[in-house]
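All chains, please: the whole structure from these sequences, using the hints.
What follows is the residue order along each chain.
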Amino acid sequence: MELFSNLGLGFETAFTLTNLAYCLLGVFLGTAVGVLPGLGPIATIAMLLPATFSLAPISALIMLAGIYYGAQYGGSTTAILVNLPGESSSVVTAIDGYQMARQGHAGKALATAALGSFFAGTVATMLLALFAPPLADLALKFGPAEYFSLMVLGLVASVVLASGSLLNAIGMVILGLLLGLIGSDVNSGAQRYTFDLPELADGINFVIVAMGMFGLGEIIRNLEHESTRTVMMKRVSGLMLSKEDLKRIIAPVLRGTALGAALGILPGGGAMLASFAAYSIEKKVSRNSAQFGKGAIEGVAAPESANNAGAQTSFIPMLTLGIPSNPVMALMIGAMIIQGIQPGPAVMTEQPSLFWGLIVSMWIGNFFLVVLNLPMIGLWVRMIMVPYHHLYPAILMFCSIGVFSLNNSDFDVYLMALFGLFGYICAKLEAEPAPMLLGFIIGPMMEEYLRRAMLLSHSNALVFFQRPISATMLVMAILALGVVLLPALRSKREEAFKEDA
Amino acid sequence: MPSFIRHPKDFWIGVIFLFIGLAAVVIGRTYTMGTAGRMGPGYFPAVLGWLLALIGVIAVVRSFFREGEPIGRLAVKESALILSAVLLFGFLIRGGGVLIAVFAVVLGSAYASGKFRWRSAVPLALGLSIFAMVVFIQLLGLPIAIVGPWFGG
Chain A
1 MELFSNLGLG
11 FETAFTLTNL
21 AYCLLGVFLG
31 TAVGVLPGLG
41 PIATIAMLLP
51 ATFSLAPISA
61 LIMLAGIYYG
71 AQYGGSTTAI
81 LVNLPGESSS
91 VVTAIDGYQM
101 ARQGHAGKAL
111 ATAALGSFFA
121 GTVATMLLAL
131 FAPPLADLAL
141 KFGPAEYFSL
151 MVLGLVASVV
161 LASGSLLNAI
171 GMVILGLLLG
181 LIGSDVNSGA
191 QRYTFDLPEL
201 ADGINFVIVA
211 MGMFGLGEII
221 RNLEHESTRT
231 VMMKRVSGLM
241 LSKEDLKRII
251 APVLRGTALG
261 AALGILPGGG
271 AMLASFAAYS
281 IEKKVSRNSA
291 QFGKGAIEGV
301 AAPESANNAG
311 AQTSFIPMLT
321 LGIPSNPVMA
331 LMIGAMIIQG
341 IQPGPAVMTE
351 QPSLFWGLIV
361 SMWIGNFFLV
371 VLNLPMIGLW
381 VRMIMVPYHH
391 LYPAILMFCS
401 IGVFSLNNSD
411 FDVYLMALFG
421 LFGYICAKLE
431 AEPAPMLLGF
441 IIGPMMEEYL
451 RRAMLLSHSN
461 ALVFFQRPIS
471 ATMLVMAILA
481 LGVVLLPALR
491 SKREEAFKED
501 A
Chain B
1 MPSFIRHPKD
11 FWIGVIFLFI
21 GLAAVVIGRT
31 YTMGTAGRMG
41 PGYFPAVLGW
51 LLALIGVIAV
61 VRSFFREGEP
71 IGRLAVKESA
81 LILSAVLLFG
91 FLIRGGGVLI
101 AVFAVVLGSA
111 YASGKFRWRS
121 AVPLALGLSI
131 FAMVVFIQLL
141 GLPIAIVGPW
151 FGG
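From first to last, the protein sequence lines are chains A and B. In case it helps, the working numbering puts the first sequence at residues 1 to 501. In case it helps, the working numbering puts the second sequence at residues 1 to 153.
Just so you know, the hints here were simulated from the structure itself, not pulled from any lab data. Treat the numbers as computed from the prediction; the structure is a model and nothing was measured. Some hints here could point you the wrong way.
To give an idea of the interface, some chain A residues facing chain B are shown, with a C-beta separation under 10 Å as derived from the structure [what the hints assert, rightly or not]:
no.	residue
1	M172
2	R192
3	Y193
4	L197
5	A201
6	I219
7	E226
8	T349
9	P352
10	Y392
11	V403
12	D412
13	V413
14	F422
15	C426
16	M446
Dumping the calculated EDC-like pairs for lysine to aspartate or glutamate here, alpha-carbon to alpha-carbon at most 20 Å [to be verified]:
no.	chain 1	residue 1	chain 2	residue 2
17	A	K247	B	E69
18	B	K77	A	E199
19	A	K141	A	E448
20	A	K294	A	E226
21	A	K428	A	E224
22	B	K115	A	E226
23	B	K115	A	E224
24	A	K294	A	D245
25	A	K428	B	E69
26	B	K77	A	E224
27	A	K141	A	E350
Note that beta-carbon positions come from the ideal geometry of N, C-alpha and C, so glycine has one too.
Written out as C-alpha cells, the structure reads:
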C-alpha cells in the first residue's frame, strides 16, 4: 500500500539521530516554556523560532512541531496545577483538572492528559497520513479563485470563532491584511507603506508582530494586576491510573479525539474550539455529568484528547493547501517560507521525505511527550513556581535577542516595542490579536490570488461564484457570518464564550 | 470622557480602525490603482483601507448606542518601563554588546513590577546577561559582540 511506503519514507527521515534529537529538544523546550503561566503556544513558538533558522528545513519543522505540542501540553500542566491556563485551549482543562489537583489527584489528572493526548495524537497522525494525499491532489486542481475563496473562508472562520466582538475581529483581520502589505509589491516592485525606510522594504517579519502582540502586550497586561500564585501540589505523586479510571476515560478520549480531529481541519478551528466543544459535549453525555466542575476525570480526558487531535489535524490544511487555519499554523507557514519552502500541495510531491518525515515525527513527538513529561513533572512544577516578576524580564530578554537576531537590526527591536504597545491597547479594548496575525500572514498571498483570479477572468468578479469549489467555500463563509449575526444564535455564542472564560 | 459615548472600548477601537484605514487610503493615493482586471499596487490596499475605515465608523457610531464597561486603569507606568527597557536594548545591543544590553532590558523591565527589589533584580540581570552570552553567543554563535565598541570591545 502506498500509505505504508509513505510512512516508511517518513520513518526513514524522522529516525535519524539528528532529527530525533531535534524532536526531543523541541518537545522539551516547548513544554518548558509552555508551562510558564501566561505564555501560550503562539508566544512560545515565536520566542523559540529564531533558534531553528540555522537548521536544515526538515529538522527545523520537526523541532517546531515538537515545540507546538510541547507548549500545548505544558499549558495543560499549568492549568491542572495552578488553575492558570497559559492558553485558551486549556481553559476547560483547568475546570476539572484543578479540582482534581485540589483533591490530591493531580498525578491522575496529568496522566490522563498525557495518555489522552498520546492516543489522540496517534489517531490524528494516522488521519493526517490518510487524508493529506487526496486533499493535496484536490488542491492541485485549485486555481487562484479557489485559493482566494478558501482564504476568505479561513479568515471568516477565525473571526467567527474569536471571542468578543465580531466587528472588532473583522477589523483586526483587515488591519492584519494591510500590515501584511507593507514592503515591496511582488508584482510591480513598488514600495508600499515603507515611509522610505530601507528596513521596511522587505516587509515586517511575522516574528516581530507575534512577539510584540503576544509576548510584550501580554506581559504589560499581566503587570496590571499582579497576584501571587499558589501551586496546588509541590510534589506530584500517584501518576498511575487505576483500571477503573482507565475504563472511565476510554469513551471520553474516543469522543474527544473524533471531535477534535474533525474541528482541527476546519479553517479557524484547531485546539481551542476542539477542547471546549469536547468539554461541553462530554458534560451532556457523560454518566458522571453531576461530577463535572468538581473534579471529573472525564472533564480532563475529553478536552485534552480533543485539543491534541485538533492541534494535529490543523496541520492538514497547512501542509496540503498552504493555508493556515489558526495563528500557530500561520507561524509554521512563516517558518517554512524562511526555510525556502513554499507551502502548498506541491510540498508533498516535490519533497516527500520532508512531508512524511514531519508527519511521522509528530507521532514520535507525541510519544516523547508521554515518556518525558510524566517523569519530569518535578522540573515543570519548579518552573511554574518561578515568580512572575523574575520570569517576565527573562521572557523580554529572549524576545529582544530573538527579534534582533532575525536581521541583526535594532530597528526590528523598536518595531517589536511598538507592536507590544499596540497589543496592550488592543487587549484593553477587547480586540483579539489572533485574527490580526492570521490576516498579516495571509495578506500578501491573498492579494496575489485575487489579482491572478481577476486577471484570468478578464475582470469578472463573478468568477468566484461561477466556479463550484470556490462558490461552495464563499457560501460557507457567508453562512458562517450569517449564523453569528442572527440575534438568537449570537447570544448563545456569547454565552458559550462566557461559560468558559 | 463625554457622556454620549456609552461604550468607550468600542469607541476607541473604532477610532483606531478609522484612523489607520484612512491613513492607508491617503498614503496609498500615490500608488498606481490599475483596473480590477489588472490591479496595480494601490488597488488592494485602497479596498482594505476603506473597509477598515468603514468598520471604524460602525464601531464609533455603535458606541453611542450600546452600553459597555469602562476601559479601566491603563498601566501607563508599567508599559512605559517595559517598552523603554526594550528600546534601550535595541539602542545598546550594537554599540554596547550583549552583556550591557541584556542587563539593561532585564533590570529596566523588572523595575516595572510592584514586587521589584534591588537585592533580587540585580543578580537576576547579571545572571541572565551571562546566560545570554554563553547560550546565544558562545553556543548558538549569534554574531553579536559580547562587549561592544563603545566599551572598547
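Hint check results:
For M172 (chain A), the shortest C-beta to C-beta distance to chain B is roughly 9 Å, which falls under 10 Å, so the interface hint holds. Annotation: R192 (chain A) was flagged as interfacial toward chain B, and the flag holds, the nearest CB pair being 6 Å apart, inside 10 Å. Given hint, Y193 (chain A) at the interface with chain B, holds; its Cβ is 6 Å from that chain's nearest Cβ, closer than 10 Å. The beta carbon of L197 (chain A) is not positioned within 10 Å of any beta carbon in chain B (closest approach about 13 Å), and the interface hint is therefore violated.
Annotation: A201 (chain A) was flagged as interfacial toward chain B, and the flag is violated, the nearest CB pair being 14 Å apart, outside 10 Å. With a cut of 10 Å, the hint placing I219 (chain A) at the interface with chain B holds, because the nearest CB-to-CB distance is about 6 Å. Taking 10 Å as the C-beta cut-off, the interface hint given for E226 (chain A) holds, the closest approach to chain B being about 5 Å. Residue-level restraint check for T349 (chain A) is violated (minimum Cβ-Cβ distance to chain B is 30 Å; threshold 10 Å).
Checking P352 (chain A) against chain B: minimum C-beta separation of about 31 Å lies over 10 Å; hint violated. Proximity of Y392 (chain A) to chain B holds as hinted, the smallest CB-CB distance being about 7 Å (cut-off 10 Å). Interface hint status for V403 (chain A): upheld, as the beta-carbon distance to the closest one in chain B is roughly 9 Å, under 10 Å. This hint holds: D412 (chain A) has a C-beta 8 Å from the nearest C-beta of chain B, less than the 10 Å allowed.
Proximity of V413 (chain A) to chain B holds as hinted, the smallest CB-CB distance being about 3 Å (cut-off 10 Å). With a cut of 10 Å, the hint placing F422 (chain A) at the interface with chain B holds, because the nearest CB-to-CB distance is about 9 Å. Against a cut-off of 10 Å between C-beta atoms, the interface hint on C426 (chain A) holds, since the closest Cβ of chain B lies about 8 Å away. The criterion of a C-beta within 10 Å of any C-beta in chain B is met by M446 (chain A), whose closest approach is roughly 8 Å, and the hint holds.
Under the criterion of a C-alpha separation no larger than 20 Å, the hint pairing K247 (chain A) with E69 (chain B) is inconsistent with the structure, at around 47 Å. With a C-alpha separation of about 30 Å, the suggested pair K77 (chain B) and E199 (chain A) falls outside the 20 Å cut-off, and the hint is violated. At roughly 17 Å between alpha-carbon atoms, K141 (chain A) and E448 (chain A) fall within 20 Å of each other, so this suggested pair holds. At roughly 27 Å between alpha-carbon atoms, K294 (chain A) and E226 (chain A) are farther apart than 20 Å, so this suggested pair is violated.
A threshold of 20 Å between alpha carbons decides the hint, and for K428 (chain A) with E224 (chain A) the separation of about 11 Å falls inside it, so the pair holds. With a C-alpha separation of about 9 Å, the suggested pair K115 (chain B) and E226 (chain A) falls inside the 20 Å cut-off, and the hint holds. With a CA separation close to 12 Å, the supplied pair K115 (chain B) and E224 (chain A) stays within the 20 Å bound. At roughly 16 Å between alpha-carbon atoms, K294 (chain A) and D245 (chain A) fall within 20 Å of each other, so this suggested pair holds.
A hinted pair counts as satisfied when its Cα atoms are at most 20 Å apart, and K428 (chain A) with E69 (chain B) qualifies at roughly 11 Å. Between K77 (chain B) and E224 (chain A), the direct Cα distance comes to roughly 10 Å. Compliance with the 20 Å bound is thereby established for this hinted pair. At most 20 Å may separate the alpha-carbon atoms for a hinted pair to count; K141 (chain A) and E350 (chain A) meet this at roughly 16 Å.
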